[in-house]
Structure formats: structure tokens, C-alpha cells
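Chemist: Residues per chain, in single letters:
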Amino acid sequence: MNFFIAEIINAIKLGSIYALIAIGYSIVYSILGLINFAHGDLMMVAVYSLWVLMNLKIPFALAVILAVIITMLLAIITERVAYRPLLNNGEETLIITSLAVSILLQSISQAVFGIDNKALKVPVFFTKRIQIADFTVSVMNFVILAVTIVSVIVLAFILKKTRIGLAMRAIKDNSLAADFMGINRKAVIVAAFGIGSALAALAGITYTGEYVSFDPQMGFMLGIKAFIAAVIGGLGSITGAALGAFVLAFLEIFFAGYLPDSIASYQTVFVFLILILVLLVRPDGLLGKNAKRS
Amino acid sequence: MEKIKDKAIFKFITVVVIPLLILIVIETKMNDYYKTVVILLFINVILAAATNFTNGITGIFSLGTASFMAIGAYVGSLLTLPPDMKCSRIQGIPAFIAEIKLPFFAALLISGLFAAVFAGIIGIPILRAKGHYLAVITLGTVIVVKSLLDNLTSITNGSRGISGMEGYSTLPVTVLVTVLSLYVMYRIKTSSLGRGMIALKNDEDAAESLGISRFRVRLFSFMISAFFAGIGGCLWAHLQRSIAPSMFYLTETFMILEMSVLGGMESLSGAIPGAAIITFFPYLLSDFSTGGEIFGIKVPKINGITNIVMSVLFILVMIFRKGGIFRENDYIFDAMFSPDTYSGLFKKEHDDVLKKDV
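Residue numbers (the working numbering), protein chains in the order written: chain U, 81 to 374; chain B, 76 to 433.
Hints listed in this document are in silico derivations from the structure and should not be mistaken for laboratory results.
What you were told as hints is all true, and nothing was included just to trick you.
So the derived list for chain U, only partly shown, Cβ under 7 Å to chain B, looks like this: (1) Ile-115; (2) Pro-165; (3) Glu-171; (4) Ile-175; (5) Ile-176; (6) Ala-180; (7) Ile-183; (8) Ser-187; (9) Gln-190; (10) Val-349.
Residues of chain U placed beyond 12 Å of chain B at every Cβ, according to the derived structure: (11) Asn-82; (12) Pro-203; (13) Thr-207; (14) Ile-212; (15) Ser-218; (16) Phe-237; (17) Ser-255; (18) Ala-257; (19) Phe-330; (20) Gly-337.
Values in this document were obtained by computation on a predicted structure and should not be read as measured data.
Backbone N, C-alpha and C define an ideal beta-carbon position, used for all residues, glycine too.
Excised from the complex, chain B in its bound form (with noise of 0.2 Å):
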């Protein structure tokens, strides 16, 4: 007898169906505010991905992502900004960066390749290094990215930032954007390649002695994953329309590996409810940032409550279930990206009784 759970429909009306109604409810009745919440929960569950696929499936324990994000959202601005904005509002921008203007999702791409390209030329030699240095150093470049923008001012307009994207992350866009990127990166994950990097996580010498290049999979996983952080860079940097080097900064990183370590870093799928505790506790929790009345108490504004909250839960889930929600399983997408999710809604009943016989 087949359990339920693992039945073709019932996995196609939970993991496809009933977030597409949600969605189409979302973008139909909500409000603005809403909607960029809900946004804001699909670029963090790519940026969230991106990290599992280093820090959980590689086993690069990396925490650089908020830098690539951060080149994604710089270069997709400028490339999407008008010329005459650009020159206007950055003093000193090279006449061949003013220039450009590209559609967005050619903006996006280029984005994400250019996250890439800078992971791979940091990744060579950093990658050579494990454990705690590799932890340092990728958060050093965090603070190095951080310190570029804020000094490059001819290109980034400094510490003030740059604003007045157009606001082309939709709900229907990232929603697009988000499947497409997570397929990709689960379709990886999947292939011999990702098998290959699960195995360096385990055992690297054993994985070696399999053929399996130490450096070059680091490597491309790294840079994959500055690529997918970039493309969330860019989609995040057309919800806000404005950027400034500060929010790429250690806040974004440690709430980016929040995300990561809750939802589960070992499990792609992980990234979903890591994401959505993430983004929603700030709203859950917004007043007593503020101050305010909750349920009739008065509450007296706590500044930071978000983080006394989330690191304390943080301790708590590494001390008590190491492998976050998921651990290493990815039941979402499992269900989500198989075929024969699809195929299954198709067969009739006699099929499985028949290839029971055999």
C-alpha cells in the first residue's frame, strides 16, 4: 500500500498547487506591503540556497554571500539605470559605464556572471584554505566588497549609495526567477557533479581517490553559488530601488546564515522555511522594536530584539538539532523538480499494479 505522502497527486497539490493559489491570491488581493514581504522571502530563500549549496553541500563553510550579492546589486543597477540618472546622481561615473542600458533580465544575468567571474578569481587562491581561515577570510570579504563600494566612489556614488532602480522585481519575476534558479541548482545537485561534492564533504581523500578534482569542484560550486547570490543581489536591489554598501554588510551575512543553518544547510530545500522564519520574524517582532502595545502590555522599545531573539534560537537549534529543519533531506524539491511528480498525476491505478507483478 502506498502511503499517502509519497502518492503523485498528493505531492503535486502540496509542493505545486496550493503555492501557486497562495501566490495568485497574493498578487491578486494583496496589498503592496505584503507583497514585497513576500518578495522579500523569495530573493532570501535563492540567497539561502546559494549558501546551502557552498556551506552545506560542498562543504566550503563559506560566509561570503552578502558580498556577492552585493556585486550582483551593484552591477545590476548600473546596468539597468538610465544613462542620464546615472550621470546625474554619481559624480564622475566612466562614460562607458553611464552609457549602458540593458534590459532587466539581460542585467540579471550579467549580475549573476559577474558575482561569478569575482568568486572565481578570489575563490583560486582563498579555496585552498579550510575550516576557520576559510570562515574568516570569506568573511573578510564581506568587509573588503563593503570597503570597495564605500571607496570606488566614481562607480558606486560611496557610502550614499546608489537609488532609483526601476522596480521590476514583481512577484510573477522573482517568483520566476526563484524556481528557475533553485531547478537549476537541484538539478546540480543531483547530476554526478553534485555527487561528487557531497562526496568531497564527506570524505575528501576518498572522494580524491574517486577522480574527483578537489580544487576544480570547490571551485565551480563557489562560483555557482556567487552566481545564484548575485541574481538575488540584483532582484533585491529592484525590490529596495535603493543600495548602499552598509546592507551588504555583517547584519546581511549573519541573517543570510540564520537562514541558512535554520531551514537546514545540508538540504536545498532547507532554504524555504529558513528563509521564511527569517523574513517574517522581524514583522512578528516589529513592535516590540518599535515600542508599542501587544496584546493590551505595553512593551518598551527594545532596540535589536530581532537578533536577541534569533541568535538565542540560533544556539538553541545548533545545540539541539544540528542539521536545522531538514537535515540532509530535500523533500520539497525532491517532489518539486521530479518528473515523475508530473507523470504519476497521468498513470492509471492499473500500471502500479501491474508493475508490482513483475
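Isolated chain U (complex conformation) (with noise of 0.2 Å):
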């Protein structure tokens, strides 16, 4: 019973994290219809901002926000230098230069910061951990879920109520209409892209600070797990990216937990599984009536 509950902990601290991502993911496939593989390797850009900002001694609260705007920052960047040009090209194309942005971010990591294993250490009271009945549990793991849920209220709330997230939601309706009433289209995906690349920091600054050890290279897999829990939930939908993410998370976890170790190390294999038989069943994902399909 203890290590069920224990399993559920991991499920939802991992859920919340991947629900992030996911989510960043889903704002902008439904508005750019991209798929952008370099999603995953801006939470690793900004565990890098962070570590470095946090060896020059800024305050940690001050280095996660600065760590955030970093990365916005480069994410805009690379949708004016890389995306934009290419909008009108075909989605191969975004897919292509997504995977080439990605393998750039990681190389370049790579190249400034070596390819070994680095360790963030996040300030003593995160990791102190409280007795709750029979468990001990880190305070990060309240701290992620917080992220979370915090993240997806001031989403909801600048999607409901904000002119730029009206815009957003009429870009994904009707994308063709959404034009002809004027919406400043350019505008819309660098906000779409900067309120994903904010989520990943978040993301990744969350994820990092549970597990600790960070490389050029985390963010990949991570991304791809991401994109597979919106495809899940059905991409383009928030809400189904945040459920997507958690029915993954539960999955994996349980996979790994409960099943005899020669067949738990098939982990990977068993998360494609649930893409290719979602994809077959379901092809718009367990919420996803609206999403578009190209």
C-alpha cells in the first residue's frame, strides 16, 4: 500500500511536469500547426541560465525569473530567425528546422558547457522534506505541483480574458477568418511561443530541481514524452495536453513499478506503444474534437 501511494506521488510530480511541457507544446501547434522538436531543449537552456546565473551568487528567486525571461528570449529568437521565414512552407520543412534548432541548442550547449553531467543545487529548503502520516515527502514536490496548477490558472486567465489570448483562440479556430478581422498574426505566435518557452523553463527548472542532475541532453526525451502526452490528450486542446500528461505519467510509472524488471526496461517502448494505439483509436487524442489535422 505504501509504495502504491509512493507510486502516485512520482505519478503526479512527473505528470505535472511532462502537463507543462505538453502544454507549451499544444499552444503552439494550435497556432502555427508546428511541432517544434526544439521545445524540450529550451528546459534545458534554462536549467543552463539558472546554473550559470546561480554561479555568479544572484539570489535563486531572482535567477529563476531571469532564467525564464532567458529563455523566452531565445525562443523568440529562433521563431524570427528559423520558424518565420519557413511559415508558409509545408510542415516538413518546420519539422526539419525544429529538429535542426534542437540538435543547434544541444551542440551548443554542449560545446560551452561540456557533455557531462551537471548538478543544480537548489536552495536547502526545497529539498527539505516533511513527514505526512507514514511518508516523507520533498517539498519540491509541492513546489511542481503549485508550478502547475499556478501556470495553467494564469494561462486559462490570459487565454479567457486578454485581448493577445482572444486572438489566440480565434488563430486556432479559424485561422483564415481570424486574418481577415485584422488580428496581428506575427504577434500572436511570438506570445504563443513565449508563454510555451516559459512554461519548458518552468518545466525544466522544476524537473532539474527534483532530480537534480542535468545534461546538454535532457530535454529530448523529455520533449518527445511531451509531445506524446498532448498527442494523447489530443493536441491543439490545453486541457487535453494537461490530461494526456498525466495518463502517461501514471502509465510509465505503474509500467516501471509494477511489472517484473525484465519487462519494466521496455519502459520506452511501452510510451510508443501508447502513441501508435491512440493514434489508431483515437487519432485526435481523448479530448481533442477540435483540434486541427493537416
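Got two chains here, separate frames each, mind docking them using the hints?
Modeler: In C-alpha cells:
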């Protein structure tokens, strides 16, 4: 029983992180129709920026904010330089370019910081363990969950109550009509990248805060898994992305936890089997009725 | 007046005679280091062409070539390694695998077939997907195959991999296999089936209305591509003489994609310049990646400099010349595999004159 609850806590933790990344994917996808392979690597960028800033003796809170801003700036720059010239060139072009951007970010951080693992030392407050009934849970677990919930609320507010959010929803529903209404699509794309990358940055920081070690390639696999989560939930739908993230995290954690070791090592195989299964049975995902498919 | 580049003799000299002479010089004069690089180039040409076959010609955007290559490499290696070597190197290998020992060419063919069958099996469910979905699923194939190779230790020896293969992939063998593979792919591309593939890429609904089965043609193309990727992998294994699952992972996937895109995805000939750039580039930049001096200027060691330069180049190509070097033209193979090039050599001048009069 204890093991079961510990596994649930792990799954919620992992699910929250997947959700942050998957929601970012979904936002960019619903505006651009672009699967940004470099999205996962933005997490890595955030973590490295934070690490550098902390080494510069900048207070932790400020360093986190700066790291998120740096990541957003970088995402907006890549959008401006690499994706914008290609917007009308078909999805394959965008996939290839975003793969190239992903490799570029990884290689640059390898060149600058080396290929070996580093450790992120968050303030002691976060690693403190709290006793609840029979369990000790680190503060970081709550922080992760809180960050995810707050981000989702803020995001919902932006989408529902602000002008830019309205414009985003308009483009998602019918981009041609949105163009006719005089919506500035470029500004919306920039906003989507900004929001998406901020979420990725938060995901990266909380992930590394919990699992400590990081390296230049940490983001790629996480990014792919978050993409799968977004597909499970329904690409383009934000609730769907969050739901898919938790579904994937629960399946993954329980697969690894409850099956014999000889099978549990096939965890990645299992994840992709889920993806194929979802695409076969419900190509639009669990909630993705409105997801546009090209 | 016939342009010089359309003359049979010009085509014959540029695509057949000159490359042959260069290869003969390399085979007889160069040392093993350079030969290895050239063999690698030819293997990369097969891989890039196989990728173009699906990605550019049929319009199935697949990132899975490295996984088929891995299957080819492992099957080929297991078939050619002597039984006692297999038993001593791989713990708990099943007897029926250990006992097989085949000649290289049989192993080459079987490794291709294995990859093709694997592609057929996974292709049935995954080829329904399109675009992004297909890209991620095929990338998933690479990840899944690596995970299988890592975990099926009794057959693949896990992450340590297999070594000790004979160096069967000599320059003449590789060139022969490459030319044959390219010939087959080119002939399929120019056949009615190949035109069906191109039609499917350009307009699926129109193609289907003309009786081209979307599912069958796409599956066939996927399997053919996997077959040649498998052959490329088998050659690769017998060049490197030691393989491990990590060699057929994301780096390799990205390299294959680069070759395919830089040369021009929609052209089989594009595989040649694409593979040449990607094969030789790391050697040009090797001074940077190890540190050292270039033109008397000291450069520090930069990890992954090749990848940085390649990915920037890649983005630039996507922005400024989306079709790659060759776009959809097949200049090289049109000249190399067309019977006109060879029959044209023996044609007399007045034949042309007569033709014009008619």
C-alpha cells in the first residue's frame, strides 16, 4: 500500500512536469501547426541559464525569473530567425528545421558547458522533507504541483480574459477568418512562443530541482514524451494536454513499478506503443475534437 | 545544335568514366584510412537514397532509417560471425542463431529482407498517420529499436554490442552494392509504380481516384526503403567491424536526415552530394573538435562543432533552398542508368541528322 501511494506521488510529480511541457507544445501547435522538436531543449536552456546565474551568486528567486526570461527571449529569437521565414512552406520543412534547432541548441550547450552531467543545487528549503502520515515528501513535490496549477490558471486567464488570448483562440478556431478580422498573426505567434517557452523553462527548472542532475541532452526525450502526452490528450487542446500528461505519467510509473524488471526495461517501447494505439483508436486524442489536423 | 551536356559522350565521361577512374586511383594508391572514408561515403549514399525514397518521393516523412539500418547491421553481423565467436562473446545466445554462418552476400540480402519485413509489420499501423505524427512515430521506431537492442542481451549482447566482424565491405564490394541498390531504386522510381508514389505525394485524393492504392503503395515504398537501409547497415557493420545500439540513435538519425535534405529529398541523385558533404565535413572540422592548429591559428577544443555548423547550414538550406542541391532533378542517375547514354556512344553523327529530318 505504501508503495502504491509513493508511486502515485511520483506519477503526480512526473505528470505535472509533463503537463507544463505538453501545454507549451499545444499552444505553439494550435497557433502554428508546428511540432517544435526544440521545445524540450528550451528546458535545458533554462536549466543551464539558471545554473550560470546561480554561479554568479544571484539570489535564487531572481535567478529563476531571469532564467525564464532568457529562455523566452531565445525561443522568440529562434522563431524570428528559423521558423518565420518558413511559415508557408509545409509542415515537413518546419519539422526538419525544428529538429535542426534542437540539435543546434544541444550542440552549443555541449560546446560551451561540456557533455558531462552537472548538478543543480537548489536552496535547502526545497529539498527539506515533510512528514505526512507514513510518508516523507520533499517540499519540491508541492512546489512542482503548485507551479503547474498556478501556470494553468494564469494561462487560462490569459486565454479567456486578455486580448492576445482572444486572438490566439481566434487563430486556433479559424486562422483565415482571424486574418480577415485584422488579427496580427505575427504578434500572436510571438506570444505563443513566449508562453510556451516560459512553461518549458519552468518545467525544466522544477524537473532539475527534483532530479538534480542535468546534461545538454536532457530535454530531447522529455520533449518527445510530452509530445506523446499532448497527442494522447488531443493536440491543440490545453485541457487535453494536461490530461494526457497525467495519463502518460501514471501509465509509465506504474508500468515501471509493478511489472517484473525484465519487462519494465522496455518502458520506452511501451510509451510509443501507447502513442500508436491512441493514433489508431482515437487519432484526435482523448479530448481533441477541435484539434485541427493537416 | 545539341548542348554539350546533353551529349551521350559527355554524360558517359562525367558519370561513368571519371568516377571509375577516381575509384581505381583510390583503390590502388590510397591508404586504408582514406579508403574507409570513401567506403563510408558510399554506404551513406545508400542510406540517404533510401531515406529520399520515402521522404521525398512517396511523401512519407520518416525519421526511422537509422532503426532499419540497425536491424540490418545486427542481422548481418550475427549471420557472418563464426559460431564459436558468437558463443564466446554473447552470453546465452540461442543455439539456432549461433550455428548459422552464411557467406557475406547472402547475409547482406537477408539483413535487407529482415529490415523490410520489420518495416512492413510496423508500417501497417503507423503509415495511417501523417505529417508530425508520422515523424514522431518513426523517431519512436529509432528509440524503440535501440531499447530492444539494449535489452535483448541474449541476442544482441546489450549495450556493449557485437564486434569482430570480418571487413567484408571493401571498396569494390561496397561500390558494386551501392550501384546495384541505386539502380533498383531508380528503376522503381521511374516505373509506373514510382510515378504512383510521386502522384501520392503531390495529391493523395487525385492519385487514389486514379486507382493508386494509398496504403499499398506507401507500405511498399516504406519496405523498399527499409530494405536498402538494412543493406546499408549490414555494409556499415562490416566496415566498422564493431556495432553497438548507441550507434544507431539520434545522432545517426539526424545525420541521415541532413544528407537527405541537403542533397535534395525529392531526388535520388541528391543522395550523392548530400552524403559527400556529411561524410567529409567532420574530417575537415576534425581539428576543431579535437583542438589544435589550423593555418597556424590555435583553436580550442570545441565539442560538437560539426553539429553546430551542420545544423546552422541545415536551417539556412531550409530557408533559402528548400529543395536541397538537386531539387527534384535526377541528373546523375538519369545519365548513369539510362540506356541512351550507352547506346548513344555508338551512334553515328548522321543518325542524329536523319532523326531531325523526320
